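Fit chains B and C to the known structure of chain A by using the hints.
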Amino acid sequence: MSFETFVTDKTGLQKFYEAIIEKNETYAPVEKFGNFDFKRITRLSECNPESPIEKTRSIKPLFFPRSAKVMKYVATSAGTEIAETDKDPLAGKRVIIGAKHCDARALQVLDKVYSWDYIDTDFRNRRQNTVIVSTRCDKAAIHCFCTSLDYDVETLDAMDVLIVNGIDGKIYIRAKTEKGNAFLKNFPTIHDSQLPENEAAPALKAQYEAFAATFRLQMNYREVNEKLSKVFDSPEFESLSSNCISCNTCAFVCPTCHCFKISDEKVKDTGVRYKSYDSCNNGYFTLMAGGHNPRPAKYRRWRQRALHKFVYYKERFGENLCVGCGKCTFACPVNISIFEVVNQVSDTAM
Amino acid sequence: MDYTKQIREIATKLFTEEKIDVFVGYRTTGFDENQVPVIITGLEEIPKLIFNDKSVFNLTNYLKQEHTRNKRVGLIVKGCDSRSLNLLLTENQVKREKLFVIGIACEGVCDDEGNKMQHCTECMFPDAVVFDEMVGTTHDARLYQVNADVRELASKSLVERREYFETVFESCIRCNACRHSCPLCYCAKCVIDQETSTLYHGANTTSSAFHALMTWSLHLAGRCVDCRNCESACPMNLPLHLLHKQNESVIYENFQEHMAGVVEGDRGAFYKYSMKDPDDFIM
Amino acid sequence: MEQLLVPMICKIDKIIQETPDIRTYRLKFKEEGRMEKFSWMPGQFIEFSFLGSGECTFCIASSSTRKESFDCSIKRAGIVTADIHSGLDEGDEVGIRGPYGNWFPLNDLKGKNLLFVGGGIGLAPLRSLIQYCIDNRNDYKDFTILYGARSSADMCYKDEIKEWQANKGLRVVLTIDKAEETWKSNVGVVPKILEEVVKPVIENTKVITCGPPIMIKYTIQSLLKLGFADKDIITTLEMKMQCGIGKCGRCNIGSTYVCKDGPVFTNEQLKLLPDEF
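Chains as they are written, first to last, in our numbering: chain A, 1 to 350; chain B, 1001 to 1283; chain C, 2001 to 2277.
The reader is advised that the hints may include incorrect statements.
[Said to hold, decoys possible] Cut-off 27 Å, straight-line C-alpha distance, at most; resulting in silico cross-link-like pairs (BS3-like, lysine-lysine):
id, chain 1, residue 1, chain 2, residue 2
1, C, K2112, C, K2231
2, C, K2192, A, K72
3, C, K2075, C, K2192
4, C, K2067, C, K2158
5, C, K2028, A, K268
6, C, K2014, A, K266
7, C, K2240, A, K72
8, B, K1189, C, K2240
9, A, K266, C, K2011
10, A, K55, A, K10
11, C, K2240, A, K298
12, A, K268, C, K2030
13, A, K266, C, K2028
14, B, K1064, C, K2240
[Unchecked claim] Here are a few chain A residues that sit away from chain B, every Cβ distance over 12 Å (derived from the structure):
id, residue
15, K23
16, Y118
17, H292
18, E319
[Stated by the list, open to error] What the simulated footprint calls covered on chain C by chain A, stretch by stretch (three residues with Cβ under 8 Å from a Cβ of chain A suffice, anywhere in the stretch; the number is not a length):
id, segment
19, 2050-2058
20, 2077-2084
21, 2234-2245
22, 2263-2277
Quick caveat, the hints were computed from the structure, so don't treat them as lab data.
Given the structure is predicted, the values throughout are model-derived calculations rather than measurements.
Idealized CB from N, CA, C, for every residue including glycine.
Chain A with its partners taken away, still in its complex shape (with noise of 0.2 Å):
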């Protein structure tokens, strides 16, 4: 189904964020330590909403939260009651501009795991409260390979919203989804603008085309997922894994890790259960209680990571638990990059 397009210029595209800013409770990239985080904004000066990719968290943490308060607590003598826990504060409707296209897609991937037996009824109201608001980059970064993954970039409906800065130098503003078709009717001065779809089609097409030919690495996922599914004893894992030193930094900026731990904070009486992010490859991720451990090893942990994301997760939920972001490789301290080691690996497949 396709939805309609608008074309203005720079300064519509700014008017467009401002009234957005100005209708809604609106998160975008905020500088900090030269880093950008998503944050809630109040003004369009505070944030950028074209922040360079190396340097842009993920929007996952506005879904789910470093840490998120599963419940607050009161244990005493006179017996334990589940305070009411606060107000999800994330649950609200509200506006996220500045996304990039391969988070947006993560959201999608991340559904799967959300929605499946038990439904996790947060992470599904925030997303159906909150309008995604994309603009698609112009050019790929070095570590960026979204367009070698199982999604068609060109044609991504993750986000509500498309934004492309056309080669002709225009702007395009296009809806994707009912949700962002409805959005975009709020905006009069947007919506004055509609471009005809034989006129919309090739400018979105044309810079698609230039920004796919940005890409420095490419591969086909579907030979590496094949070649992948059947490496699980392969020796090079060890020598693969030895120059990663475990940091979990991977894990934590990764858009599609959703591995989590349950922990309390407790003063005096009143104690807080939090959820918060871990990694598969903490050495105790799976360390039991009795001392038994089923990965031990580095290699063991560091062949579950690159596995789930190309195998496991393919294989039950279908999809790649990959979008092609590049942040784990853009974060790494020691510069590992994980298309080069499953390409490696999947080259010792038989």
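Okay, now just chains B and C, sitting in the frame of chain A:
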């Protein structure tokens, strides 16, 4: 600074004479100027090795990793790296006889933009203090200087400093990459990760980040060698060196100009008692 | 927030000291009428919170056919379990989430001979099924329980085992690892006693086994040697879990979620999993 040729020659000699089992060095990523640490196991991999001013990561971190355990290791250390190695030796984490250390007389390493890193311009010990073979031209003795940003921080009031660090801790995502990348954090289970602890508890709140990072920096007080592995690992680019350098300057001032890891066997400011230690805070 | 992870409050009705390091906690929901609505199947597990210390995964050690309360047998092994042992008394309140996971294939067991092979605390999940089967005794044929522990003092559910021994419909074989003066029964590890003393009928028999990983491994080996088919050997896996609902990723073995697809597996299923458990 490019010592690739010398490093390869020494590594070739070590493998040929069977003096080491593995060699920890750097290789290029193959597509940009950044480098990847590499653990090589034989002569055929030596052409991978390089060393120049992008060889940033402190390789002594790998002495706590599985792949070097119980092996004879060849290792490249710059000035700061050699001081962390000294501490690991002093704290019985590695055995000297298992190591062959290539010391570098370091001219300073560069950041992503190609500028010399700030801590290198103010480095007091650019030359490796422990080595089996030295590469490069050694430097004249340098004076201790407190970094400009640390001086600025120290000039602020306690309240202002606390406020500043709260903005830092607010951005912490508790991934613990700082700790894992630190060569001197080798505890099998960090105090911060204890399940019984309801202060640290692993959740990403400003207060738990405050506790965790403060505890961490105090465990490294008098031990931190300012290699900045932690800062390079931090995905949120937090200025973690401010914590450590502030500690360092206080210790330098109060504990007979103590600098961590400069002398082999030196147990560090907080681990020994001297009659000259300040005691004016004791009632 | 995070509705799925909020526990319900239970009161500890009774604490039974089974062995020096295992205690059984008999629990009842605090909320009126909740206990009646709570139903579970043998083999399922719960998330047990000692609020302020942490959350742990334990199987339910009693059968839903005896519904006035439910049991959790907890061995002191790690930090939270040590806290539970030292910090909880009768009347105290804990948080419970669940029941989670799959259960023993009750339909497949009907009309079959049942052989239970348990070791140490591994008798806990079996006990739930044993109670269930005793309460539906007519559905099953021969009924054998082989239970081993390190010593006679390390045996759980001593009183209940006496009841089982007195039950004419059950055959109970006990063993301990090392001989003791007052011990009249078998001495030796479980797989050895299985082969030498129990000598099970293979025809039409299902084996349900649980115990320490090493015991399970060797028990399965000797069961296969005796001629049992993989599909007739049923075990329950121990795996680190945290959410219990297929989200947190901790219990992944390959693409399998032990908390959802398990914890009960046949040996046939286990053989398909990567060797990481």
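Check your understanding: Okay, which hints does this one fail, numbers in order?
Key -> 2
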